[in-house]
Amino acid sequence: MSVAKPLPHDAARLHVTGSARYVDDIPTPAGCLHLAFGLAEIASGTIARIDLDQTRSAPGVVGVWCAKDLPTDCDCSPSAHDEPLLSDDSIHYLGQPVFLVAATSHLAARKAVALASITYEERKPILSIDEALEAGSHFEEGPRIWQKGDAEQAIQSAPHRLDGEIEIGGQEHFYLEGQAALAVPQEGGDMLVHSSTQHPTEIQHKVAHALDIPMHAVRVETRRMGGGFGGKESQGNALAIACAVVALQTGKPAKMRYDRDDDFMVTGKRHDFRIHYSAGFDAKGRLQGLAFTQYARCGWAQDLSLPVADRAMLHATNAYFVPNVRIESHRLKTNTQSATAFRGFGGPQGMLGMERVMDHVAHHLDLDPTAVRQANYFGSDQNAVPAAVQTTPYGQPVEEFALGEMTKALIESSDFKARQDAVRAWNETQPVLKKGLALTPVMFGISFTLTHLNQAGALVHVYQDGSIHLNHGGTEMGQGLFQKVAQVAASRFGVGLETIKITATDTAKVPNTSATAASSGSDLNGMAVLAACDTIRNRMADHLAQLWQVPSDKIAFGDTSVTDGNRTISFAEAAKLCYEGRISLSSTGFYRTPKLEWDRLRGQGRPFFYFAYGVSASEVVVDTLSGEYRILRADILHDCGASLNPALDIGQIEGGFVQGAGWLTTEELVWDDKGRLRTHAPSTYKIPACSDRPDVFNVALWDGANQEDTIYRSKAVGEPPFMHGISVLMALSDAVASCGRGYPDLNAPATPERVLAAVRRVQNEL
Amino acid sequence: MDTTFLLNGESVTLTGVEPTVTLLDWLRDVRGLTGTKEGCNEGDCGACTVMVTDARGARALNACILFLPQLHGKAVRTVEGMSSPDGTLHPVQEAMIEHHGSQCGFCTPGFVVSMATAHVNRDQNHDDALAGNLCRCTGYAPIVRAAQAAFEHDVPAWIKDDVATLKTPALSLSGPVHVPQSADELADLYARRPEATLIAGATDVGLWVTKQLRQLDEVIFLNQCQDMAQIEQTPDGLRIGAGVTMDRVLKAVQGKYTSYAEMIRRYGSAQVRAAATIGGNIANGSPIGDNPPPLIALGATLHLRYRETRREMPLEAFFIEYGKQDRHPGEFVEAVTIPDQPDRMQVYKLSKRFDQDISAVCGAFNIAVEDGAVSQARIAFGGMAGVPKRAEAVEAALLGHPWTDDALVRAWDAWEQDFAPLSDMRASAEYRIFAARNMLSRYLLNDLGAQTSVLEVQA
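Order-wise, the sequence lines are chains A and B. According to the working numbering, the first sequence is numbered sequentially starting from 931. According to the working numbering, the second sequence is numbered sequentially starting from 682.
So that you can see chain A by itself, here it is in the shape it has in the complex (with noise of 0.2 Å):
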């Protein structure tokens, strides 16, 4: 059986060769135009007057639009309806697009765009939390506030307490792969759109609304993407309504990429946050009531702000009990990019504002950061409830706990009591360089929070030779969903990998599809793929036992043959004496995730099937005089359920917790007092290279099947793994520590120079 094989990426070959297709590559139609946009180059304000005539005299221009030009407002929201795809003349951010060029080359339409005359009548733009804050710049009606017990009583009554914050930085995606779409016009107004998205439906959705037709005459295809992490579930759809505005219009195919730069000003980022805190605990450091306050930078539209401000409230506890929990979360509007949804949805920033209190409790203390966490896990000894009946602040049951046992093997596998100690030893001795050592754990809750999003459906084809042609709504983006979901139907019916041919994802082959998002991937098309092979081989084992006259259930499937015990024929023969016999070949599954009920205003309920669990150290060093450091050590053991493939889960697991790891320490986007985005380029905005991961990097899977019924018993693997970034952070935090008595106090990303301040913080307390 194919399931649980540790096989390379599908398309592995096409990769290392170059011939992998993205939007970009596909063969450009003949007269295609290329487009951009022209940017606001201001944060917040009006229009006072545009000249655009340079722009439409400039080389190979074939025109130009403004929103006036456009057939409709052509919204891009995926939510509120308040994304105009050109400014209406009023502007939100610095980076809108105001207008859009359409030319004869990707450059030329760049050049044009360079050619434009704005003036503006500029406000004071609300850009910081604090801004926004003060004139009452936010989304929903205020704050949403979700309660367990009475917080604020039992931190009072606590024998310890304390009060904290932490400055949480956005990250911008980086996919390697800029955002790009290319609409090429059909018959009779149709429009086939090749878009480079986590969410083709939204894409189909959003491109009939703009040209006013319906979702069926709109076709999107979607082969692959160069990177997505969140960025292009609802980033692409700008680029895809232009596209196909102007394809309409002119009748021409049309094509549109951004320069990395624009990528940069134009798209939405991990939202930046802000977490207050405060703790009552006991004399072990165990938790007895605990507030937070979480203020989210949410730029200037709706987007999905509020599911991720939500996911970030559903994980501020992360993996421990707190029998009093008091959350309140702001979602605040200000004029920037419109911060959008990235690996994790808001999950992280929560996640992390507990662990900084957990590390902030222990030194408090004066105790083991690792033992403080322990002792806190759901199901500890110490609590006087079994973790089965504990629940999480929003009242879900935590039925499976697997960190208090993966927890005691990572400190075994990775030795960590003696490193503990060697670090000790070194930070005694050594002058200049500290090193630090931090455990921390990750509890992701798996399924949309928006439950009606848990669906998805496939198409299998069985051809009469025996081939099979495998269609789900889920996207590839490098995480290996295509190749999990075919190992899935190549077990289903017994073939090797060799006889399926995995498909672009297509609007017009499966419908209504949600995006591939929430690391739900393969657990929702996993079992959409799984229960429309599971039709055909029925419908298959059912013909041949009427044929052979045995029962159906003698019918087997395996090795690419079909048998009842006594006779064996292969897949290939089955299928044709199928086909002979008129049976369908084709079938559709859908699947939806059962046991959800939740209730986002109350924050009551069970938002999640299932939670991943996960496990990191880190070691650290850092130079005292510069505030420099490298990773040297990370160890994670992480839950994967029995896993679909290994490789590609320890491959998401290696990826996910350099990419957090860059998260909190070099990715630092800084933006000037006048809105403007300071780090738009790789010159600028660093991601890991090659030398920033762990020298010694060890990652293994716990070995433990899903108690829920999820497709062969796996765990969603996406997003749980970059929350081990986390570990870093705290590494450096004890590094920093050492320096003296205060605590470090370390905001993030904790770049050299936010490091060197911690230093000289921590050495001047007396």
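In short, the hints are calculated from the structure, not lab data. Please read all numbers here as calculations on a predicted model, not as lab measurements. All C-beta atoms, glycine included, are put in the ideal place defined by N, C-alpha and C. It is possible that some hints are incorrect.
Said to hold, decoys possible - Taking CB as the label site, the calculated pair distances span:
1) B:Ser1104 x A:Glu1117: 51 to 61 Å
2) A:Glu1097 x B:Tyr1003: 29 to 39 Å
3) A:Lys1347 x B:Gln805: 29 to 39 Å
4) B:Asp917 x A:Pro1361: 58 to 68 Å
5) B:Glu866 x A:Glu1097: 52 to 62 Å
Said to hold, decoys possible - Below, a sample of chain A positions facing chain B; criterion: calculated Cβ distance under 7 Å:
6) Pro938
7) Val946
8) Asp955
9) Cys962
10) Ala1038
11) Lys1041
12) Gly1156
13) Gly1408
14) Val1551
15) Gly1585
16) Val1600
17) Asp1603
18) Lys1616
19) Thr1681
Keeping the supplied structure of chain A fixed, place chain B upon it in accordance with the hints.
Below, chain B alone, put in the same frame as chain A:
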């Protein structure tokens, strides 16, 4: 103009080439070779990496900031040319599949080419060879495992063949494009055409074209001036021609000035070091160029030339103020000479990321100590002023005094006399001045034998 080069083993001659068309655009838009990707269009991500081979050997270069005329007489291999004509994969391609080195696959072609270049050069410093290739999916671990595995395999014949097939046909020029063949030709030409843009490695000028969308009316390519690409030991010291690329500067200073060599390793990726020239890094006058601080600390002499008139000056004198250098129209940087001296210099490059990042502060310290006292001090900084600048007040505070903790105290106030740095997206002014001060402490602690570099600590 016409350009001839080998592309994946096949000779290509282009006529009437626009001089600032990039190899990347030509490969993708004209040639239909879409394996080479555009990730950033500024030489920072490596998705467009190609292998370029000439008599000096194979190098990885960023095709997005490589102009077609720079390829004349060379052999180019893209990812499509890494496997054999019969489809046999290159060992690095096999290893990338086997070790799960690709996820989304978009950076993969660039990685494959960088890995194949390191492979043909028998280079096992994978972190260095891949520093200019960004991957957002894998966390790099499986890619390095693949590079290590591939190293065991022989270089395929079709890769070796490129050098044997190389020819350099005569150039045919037309229009406002010049390709002088010697410094003399350049001197004459540039004096007559002082408004022309000089292009050496194009790691800076490339961005004028791809990012600022500037129209360069007249250009002079320097890559054929072999006499400006020489490194020679002279009685005055090590003379490095302006056209010497940084990969060769690194090798030239490796045994002599260890810390300078280490800084060059970090300052640009393999792709950038193979293209960027030392003359370009000086002549563009950037206050954050990383070569001037160490060169100034070493007491380097700059050689300028206008026609047959040559001038020499201490390098620091070249930088007058931000955006202004002591260079006349038609005058160009011909070489720089580093006087021979004991290896006392330490270069401290401070940035958010270690590899391929522009410095927030780059400090070079060259302090000689005799009988426990400072006998000579040359300290220079980038990122602390509008120009690369010597810390003269700090030097004066140290000179003649004991080389102990007292030196740090003595120099304490001098730092603010020398520098009033700015705050920007790389660092605040406060951090810059504080970190610069600490660099002097580090130099002293180094001398006292303390371990001070996180890059030298193992797990």
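- Query: Any CB of chain B closer than 7 Å to the CB of valine 1600 of chain A?
  - Reply: It holds, given that the least Cβ distance between valine 1600 of chain A and chain B is near 4 Å, below 7 Å.
- Range hint 58 to 68 Å: satisfied by the CB atoms of aspartate 917 of chain B and proline 1361 of chain A? violated, 40 Å
- Query: So the hint says 52 to 62 Å: do the beta-carbon atoms of glutamate 866 of chain B and glutamate 1097 of chain A match that?
  - Reply: holds, 58 Å
- Message: Given a hint of 51 to 61 Å, does the C-beta separation of serine 1104 of chain B and glutamate 1117 of chain A actually sit inside it?
- Response: Hint holds: Cβ distance 59 Å, inside 51 to 61 Å.
- Mind checking the CB of glycine 1585 of chain A against every CB in chain B and telling me if the closest is under 7 Å? holds, 4 Å
- Task: Using Cβ atoms only, decide whether valine 1551 of chain A comes closer than 7 Å to chain B, and label the hint accordingly.
- Result: Interface hint status for valine 1551 of chain A: holds (5 Å vs cutoff 7 Å).
- Go through the hint on alanine 1038 of chain A and say holds or violated, using the shortest Cβ distance to chain B against 7 Å. violated, 10 Å
- Holds or violated: is the Cβ of cysteine 962 of chain A closer than 7 Å to a Cβ in chain B? This hint is violated: cysteine 962 of chain A lies away from chain B, its Cβ roughly 11 Å from the closest one there, beyond 7 Å.
- Item | Hint validity - glycine 1156 of chain A Cβ closer than 7 Å to any chain B Cβ | holds, 3 Å
- Query: Within 29 to 39 Å or not, the Cβ separation of lysine 1347 of chain A and glutamine 805 of chain B?
  - Reply: holds, 35 Å
- Query: Close enough to count: is the Cβ of glycine 1408 of chain A nearer than 7 Å to one in chain B?
  - Reply: holds, 3 Å
- Message: Hint validation: aspartate 955 of chain A versus chain B, beta carbon distance must be below 7 Å. Holds or violated?
- Response: holds, 4 Å
Hints 4, 9, 10, 17 from the list above are not met by this structure, while the remaining hints are.
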